[in-house]
Amino acid sequence: MIEVERLAKKYGELKAVNDLSFKVEKGKIWGLLGPNAAGKTTTMRILTGFLPATEGKASVAGFDVFERPDEVKKITGYLPEVVPLYSEMTVSEFLTFVAAIKQVPSSRRKEALGRALEVSGLASVKNRLIENISRGYKQRVGIAQALIHDPQILILDEPTIGLDPAQIKEIRDLIKSLKGEHTIMLSTHILAEVTQTCDGVVIINEGRLMASGSLEELTTSFGGKEGVVLKLKKGHEEAVFAFQEIPGVDRVSRQDSELTIEWVRGKDLREAVSGLAVERGWGLLEMRPVAINIEDLYLRIVSGGAEQ
Amino acid sequence: MRNIGIIARKEVKTYFTSPIAYVVIFVFLVLVGFFFYSIISWFNSKSIEIAQNPYYYQQININQMVYAPLFNNMSIILLFMLPLLTMRLFAEEKKAGTEELLFTSPVHVLQVILGKYAAALVVLAAMLGLTGLLSVFTFLWGNPELVQILSGYLGLFLMGASFIAAGVFFSSLTKNQIVAAISTLGTLLLFWILNWATYFIPGIWKDVLNYLSASQHFETMASGILDTTDVVYYLSFSFFALFLTHSVIQSRRWR
Chain V
4 MIEVERLAKK YGELKAVNDL SFKVEKGKIW GLLGPNAAGK TTTMRILTGF LPATEGKASV
64 AGFDVFERPD EVKKITGYLP EVVPLYSEMT VSEFLTFVAA IKQVPSSRRK EALGRALEVS
124 GLASVKNRLI ENISRGYKQR VGIAQALIHD PQILILDEPT IGLDPAQIKE IRDLIKSLKG
184 EHTIMLSTHI LAEVTQTCDG VVIINEGRLM ASGSLEELTT SFGGKEGVVL KLKKGHEEAV
244 FAFQEIPGVD RVSRQDSELT IEWVRGKDLR EAVSGLAVER GWGLLEMRPV AINIEDLYLR
304 IVSGGAEQ
Chain U
492 MRNIGIIARK EVKTYFTSPI AYVVIFVFLV LVGFFFYSII SWFNSKSIEI AQNPYYYQQI
552 NINQMVYAPL FNNMSIILLF MLPLLTMRLF AEEKKAGTEE LLFTSPVHVL QVILGKYAAA
612 LVVLAAMLGL TGLLSVFTFL WGNPELVQIL SGYLGLFLMG ASFIAAGVFF SSLTKNQIVA
672 AISTLGTLLL FWILNWATYF IPGIWKDVLN YLSASQHFET MASGILDTTD VVYYLSFSFF
732 ALFLTHSVIQ SRRWR
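Those protein sequences? They're chains V and U, same order as listed.
Quick note: to get this note's numbering, add 3 to the position in the first sequence (first position is 1).
Quick note: to get this note's numbering, add 491 to the position in the second sequence (first position is 1).
Simulated from the structure, these hints should not be mistaken for laboratory data.
Please note that the accuracy of each hint is not assured.
Not close to chain V: a few residues of chain U, all C-beta gaps over 12 angstroms, as computed [to be verified]:
#1 V598
#2 L685
#3 V739
Computed list of lysine-lysine pairs in DSS-like fashion (alpha-carbon distance at most 25 angstroms, straight line) [to be verified]:
#4 V:K113 - U:K504
#5 V:K182 - V:K172
#6 V:K141 - U:K697
#7 V:K113 - V:K172
#8 U:K585 - V:K77
#9 U:K504 - U:K697
#10 V:K18 - V:K60
#11 V:K234 - V:K179
#12 U:K586 - V:K13
#13 V:K141 - V:K77
#14 U:K585 - V:K13
#15 V:K129 - U:K666
#16 V:K13 - U:K666
#17 U:K586 - V:K141
#18 V:K236 - V:K172
#19 U:K666 - V:K141
#20 V:K141 - U:K504
#21 V:K141 - V:K182
#22 U:K585 - V:K18
Virtual Cβ for every residue (Gly too), placed ideally from N, Cα, C.
Bound-form chain U, shown alone (with noise of 0.2 angstroms):
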């Protein structure tokens, strides 16, 4: 546990020493701050004009109608941005030769593993946790449901961390940042789209795609309903991950 610690600090230092954390964070922000603009005024404008209908004044609801799509949008920028940030965890390493020095210390792989994967966590948190403050307008000016945005936001941090495992995974199979960046992102999209595929595919098929699908698992997450079954698929996404990173790693220095 100390190890883990160990890692994960110089690696968040490492972030915030360089500028990859503030401008993935920026940049983030930047974006994250325009969907929330055009969400809020396309929100409000649609807000007058059901007002002056008493029936359906009912059902304006500012988590339905602001936080799900923002939440949507935002886990869309998360498979974009999430693989710039873990695309250098192995493949510097091992450019530069530190993993040399890594692997002759007594620190375990899986505790380099686990540091490295902390350390993107605490990054994503950041990132998350600064979009909380676009809330403190609607808490202002409205009456959203505090739980259901803390739900959305427990399910974008679920499932950036399975796309940083991915990322950490792909990390180690290559000595290239580029490579590991590319593989990442094709390999999140092909599970974001791959419910798509089950306009064509009927049976059995149907079920499996649209439950390895990410996107799948996200939609319900960000109308703020937590199901368990989302919840096992992210970590399982993750743990897998890093299982086959432990492997790759392993088995390259058994070879």
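One chain only, chain V, in its complex shape (with noise of 0.2 angstroms):
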């Protein structure tokens, strides 16, 4: 839906982008991740057809960016960083502003603005001026009017951005409902929101890719490992000597009452890790399995990257 084949922007002699090339699948919500001034918010400028590049392509939905920026503006919804807001009209007279500009036809722009009003929850305030109203309804006014015209391709330069941890709960839950319907790439700094909201994650740093894929595919081939953390009730001294006999298993650690068992993946040593703390009457409290640890991850690769 989205791709991007060796783009580069550059800034006079900056490189804000640099060599840049991903693919992102339709009905999916991609992550662009990547330290501040990785070259997110440029990269995103460019899919947009606000900013050109100055080598490359990208193409939305087929479209060529550059030659065709009216045909991509009609299917794309865009979010910019600083959500473009006039502060001094109502949020339903914005809204069917934008669904003008954004080619709605006018028969059709009260439908759009009552279902943009829905979906992002704004039915409260639709009346009053958008200086009046909340930051966090702010947010939800730029994401409404990137909805607006019912795009096939959503993109969103920081969502969730200088909100409280409510609010930022509720964008989230509102990206994931459009997913499906919409392609979602949303730019972030922010590792949890990657694991959280995303499918798949374009990491970029300095203006180039260091990695991109689905979080599975990322953890595979960046050397990640499978494992569970137990919950034991007693005999958890014994238990790390216990577990680390059980064949296949790699590191166990322990933190209070709590043991991490890792394992190579693809093996699933799950029942035989359960079975033994049952056999031997340790009291087995919680079992969960290790949670995909992005920041190491994310660490890793970035830095990596500069080594390179």
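Assembly of the complex is requested from the two constituent chains, each provided in isolation within its own frame, with the hints serving as guidance.
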């Protein structure tokens, strides 16, 4: 759905994006992850036709961004990093105006407005001036304006920045609910955002591609392990050694009453582990899979790239 | 064309939902009303004086003695006020980040420029249109020439349109509205007084400066004479300023 090939953008001498290539499949949510000033916003501005690239190609839904910008703009919804709002307008007026410039025919604008208000939970503030609504609502208006023309593709630049935790969760849920119908690309420098909302990720640093793929692919190729975390009632010391004896187990570590048991990806040792715990009567209280440690992964990828 | 209309409608609405348009129109009308009153008073006393002499009586002309100076005064007021009307047009979009919304929508840069230009022209038309009320009095108690008045208004509108175009251009250069207003005002003022330099500059430059001077072209129009040279001057001034605006916006995005 989104294809980027050897993209580069220079601002004078500064290379904001350098030789970047990736693909995003239809109906998925992809994260564009990178530290600050990694080139995320520039990449998104190029994809939405706001900035031209210096080199390379980018296409959205088969339309080349540089040759057919109007086609791309019609099917793309974009939330820039600074939410573009006309503060002197009411929420409804603003969204109606955006619908008009996104070429929604006037007969369908009312319907589009109703849908956008509903999806983004803005019905209660629709007649208020934008300057008078809270930060969280403004962010929602930003998402609503990106959605108003029912675009196939949504490009969201840091959609949860500056919000409180409850608002962040709401916006993430909103984004997840849009998946399927829309192909979504969101940029972030928050790792948790990627694990919680995205199907795949493009990691960039200093304008270069560091890694891209689904989360599973990345953890596999960058040496991620599988494992479980066990919570035991007693016998912790003994258990650490006993679990190490199970063939295939790589590493056992203990933190208070919780034991983390890791093995090489592909082997499923959950049965053996739980069986042993029950057999020895350590009192198995809890067992959960080890979360993919995206922080480790990210640091490994970003620093690994820098060494190249 | 449809897109120009959408942008223009939105801008007109912004002008009239914020106090900008009301304040500009109100202040303009107060000043014009004051000038009108003083000129009419002067005209009255002069008329009574002249009426004693049957020879000069033929020469009393309300178009030349009231409207011409009034239009000249109005043009100066416009020169000072229109930059305040245009300063926000692009500067504010840039400051608020809304240009990113505009230019990632399927709307062309030219359509945005023309839409904003048209919106400011609407406010200008409202300003000039409301001063038409003054003519109710001159027509009730006098007999001015309508055609001359209308051509004076057309001149004011064309001149105002060129001022607005210059304002749009300077607004596209900066995100600071004050900077936009002051550069517009300075430039317009310079164009206004350009012909003053003709007193000490000889030869061909004298003609060039005279042609470039905005006030030179307005003088004939204020007295109700419509000359194509003047119309062409104001139209090309507007065209050139809007063309520059387009280049500025395009080039900034290509840098």
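So, going through the hints one by one against the coordinates:
1. V598: violated (5 angstroms)
2. L685: holds (37 angstroms)
3. V739: holds (16 angstroms)
4. V:K113 - U:K504: Judged against 25 angstroms, a Cα distance of about 19 angstroms means the pair holds.
5. V:K182 - V:K172: holds (16 angstroms)
6. V:K141 - U:K697: Cα-Cα ~57 angstroms, so violated.
7. V:K113 - V:K172: Violated - the C-alpha atoms of K172 of chain V and K113 of chain V are around 29 angstroms apart, more than 25 angstroms.
8. U:K585 - V:K77: Answer holds: K585 of chain U to K77 of chain V is near 22 angstroms, not above 25 angstroms.
9. U:K504 - U:K697: This hinted pair is violated, its Cα atoms lying about 44 angstroms apart.
10. V:K18 - V:K60: holds (16 angstroms)
11. V:K234 - V:K179: With Cα atoms ~31 angstroms apart, K234 of chain V and K179 of chain V exceed 25 angstroms; violated.
12. U:K586 - V:K13: holds (23 angstroms)
13. V:K141 - V:K77: holds (23 angstroms)
14. U:K585 - V:K13: holds (21 angstroms)
15. V:K129 - U:K666: Outside the cut-off at roughly 29 angstroms; violated.
16. V:K13 - U:K666: The given pair, whose Cα atoms are some 23 angstroms apart, holds under the 25 angstroms limit.
17. U:K586 - V:K141: Given that 25 angstroms is the threshold and the Cα spacing comes to 17 angstroms, the pair holds.
18. V:K236 - V:K172: violated (34 angstroms)
19. U:K666 - V:K141: holds (22 angstroms)
20. V:K141 - U:K504: holds (21 angstroms)
21. V:K141 - V:K182: holds (22 angstroms)
22. U:K585 - V:K18: holds (23 angstroms)
Of the numbered hints given earlier, the model fails hints 1, 6, 7, 9, 11, 15 and 18; all others are met.
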